[in-house]
Amino acid sequence: MRPIVLATDYGTSGAYVGQLKSAIYTVAPGATIIDLTHELPEFNPRASAYLLASFLEYVPPESVIVGVVDPGVGSARLPVVLEGDGYTFTGPDNGLFSIVARKLSKARWSEILLSSEPASNTFHGRDIFAPVAVQLASGSTPRLAPAPAEDRAGIQWPDDLHEIVLVDHFGNGVTGIRYRPSDQERIMKVHGEKVRYAPAFHCVGPGESFWYGNSNGLIEVAVREGSAAERLDLKTGDPVGFDAAG
Amino acid sequence: MRPIVLATDYGTSGAYVGQLKSAIYTVAPGATIIDLTHELPEFNPRASAYLLASFLEYVPPESVIVGVVDPGVGSARLPVVLEGDGYTFTGPDNGLFSIVARKLSKARWSEILLSSEPASNTFHGRDIFAPVAVQLASGSTPRLAPAPAEDRAGIQWPDDLHEIVLVDHFGNGVTGIRYRPSDQERIMKVHGEKVRYAPAFHCVGPGESFWYGNSNGLIEVAVREGSAAERLDLKTGDPVGFDAAG
Amino acid sequence: MRPIVLATDYGTSGAYVGQLKSAIYTVAPGATIIDLTHELPEFNPRASAYLLASFLEYVPPESVIVGVVDPGVGSARLPVVLEGDGYTFTGPDNGLFSIVARKLSKARWSEILLSSEPASNTFHGRDIFAPVAVQLASGSTPRLAPAPAEDRAGIQWPDDLHEIVLVDHFGNGVTGIRYRPSDQERIMKVHGEKVRYAPAFHCVGPGESFWYGNSNGLIEVAVREGSAAERLDLKTGDPVGFDAAG
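Protein chains in written order, with our numbering: chain A, 2 to 247; chain F, 2 to 247; chain B, 2 to 247.
Treat the hints with care, as some may be off.
[Claimed, not checked] Under 7 Å between C-beta atoms, here's a sample of chain A residues computed to sit facing chain B:
#	residue
1	P4
2	T13
3	D36
4	P61
5	H170
6	Y198
[What the hints assert, rightly or not] Now the stretches of chain B that chain F is said to cover, found in silico as 3 or more residues with beta-carbon under 8 Å:
#	region
7	78-84
8	156-170
9	197-207
In case anyone wonders, no lab produced these hints; they're calculated from the structure.
Idealized CB from N, CA, C, for every residue including glycine.
Just chain A, with the same shape it has in the complex (with noise of 0.2 Å):
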């Protein structure tokens, strides 16, 4: 069976999760799952694709990635699956895996036809991509229509996003900017503040900021041995740029 890999804005508190798993354990008693995070931009599926098409080359080949940031459940949002590369991910169509299927060679989305009302219209991970995970995991087939690429939310969205896409525990803004080596000359900002480059932290003084290409090849603000999002008052969506001078 194919490892299924949890991907959502539930949180660790509550018992989101939990329900998740119940249902995916119930069906599949053996199943190998993978929280990856649980703390997706909370309504925010633009910001939280970036960092799950980040996130790509650490999960296992072959995996099935529940992806669910979700603000429009119970609406009309598609539910869909998108294969390439060996991996599946299912969720809501809502932009949240636009940016990683620019990442495939192939991808291939469908609509999921649902047999029956999900059990509940505000907890579809629970009752419908829980249920289709495992399917997919197990090598049965859930009921596929295709479903053409162009139609697909977030097709718009540019390759990098100039915002802050996560604060993480340690107090760093991850951005949705790809990075480049070529880019360590240039001078980030944020807020108005200027923040130059600097391989890793040991590289710069205890409490001093800096930007640097992040271990998802994102850019990544942040301040050694202290918090980014405190000392420059960051959070998700906040605007970050290179400065046309840097």
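We have chain A already, so just place chains F and B on it with the hints.
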């Protein structure tokens, strides 16, 4: 081996959960452990009892559930086992299983007879309930004595608790009141504010508050793409109820 | 395959833990992974060392423990392996394993010889220690060179650390001081306040503070059904100790 489901107030920080699982894996390396939730309301077995009962439908059948919210750890409250409908629960006798017990078609209570002192008098989850759960999950029988249902804590608690029992990751306020479709015309009163019913988030405008029947069958107060907890100043234990005029 | 136990300062939010596990499952799909804790004190290998040592008794024997609290990631501190009493530890050489090493009857240190550059210079947990842990857990041997114990970081740290090393989910303050029953008459001094011993929570009144020997053998400061952290303004690193007159 039956799955072992954990439901505690230990939080996801710290090492309480890690040690509980280590205790299980040490004697049962192949165990399937499901973290249902570690955010049951601290020091509050009553509110926790309503939440735990609401999750029962989504727990794998035949599970052994370790339930620990235990402000009286180290004192004389009994360690108990509750069995019924294929499920087995183990934890302190402080009412945490009292609402679940009413849902079981045939509830049978037992007291756990300890063969030795627990290693600590502050961490019975690790030292009493985890080992008992492994025995139950693997088909061997801990030493038990029958315990009369009518002597159990929480037996006098109402079927519906008119209080907030959880503030979740999104700021939603879960109540201990079961959802009935016939109540849709009624108006909830929360800290003096009137809150109307809507079936799901997309049925109200962004930032609007409403109440609905949540995915576990309880009434929940929410704000679309916002925090009901902030808006209505909600915390566990706050009174809620239907407006008499509603 | 031996169980792999994770003890880090990564937090349960974000995707650090998810990527660490993905790295393990990618090469060892059937691995047993135990999240002992991801809330070791950030940037503080010294406080973390006392906590980690206190957990050792409750970790499955034969475990491979990945321990990462690494403010110097990317700098020259060695990646190391520590073996003894059936356990194997891997992580950075910054003192995190120094207190654990004193508990082992025969501690043997090695330096990890890297065959290639790690994929990132900020996430050695995923890129160095997880792969090494899988090798160790599955019985193959990473390239190692002996490392003299007397050169290891933290060797000069005291056996008891008179500081708060963790503020837990309940607001309890764990110290780095081992509990000895002979100290029960002594009075702890915490930010100038005097705190007396009690064996367990139910022995004091609700809202009362006390100190006790916690379930891992360390002295802990707590308030019954309340937060010692709030009451006594506790945070990691704060000095505590026995009152001279106590």
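Item to check | Violating hint indices (sorted, rising) | outcome: Violated: hints 6 and 7.
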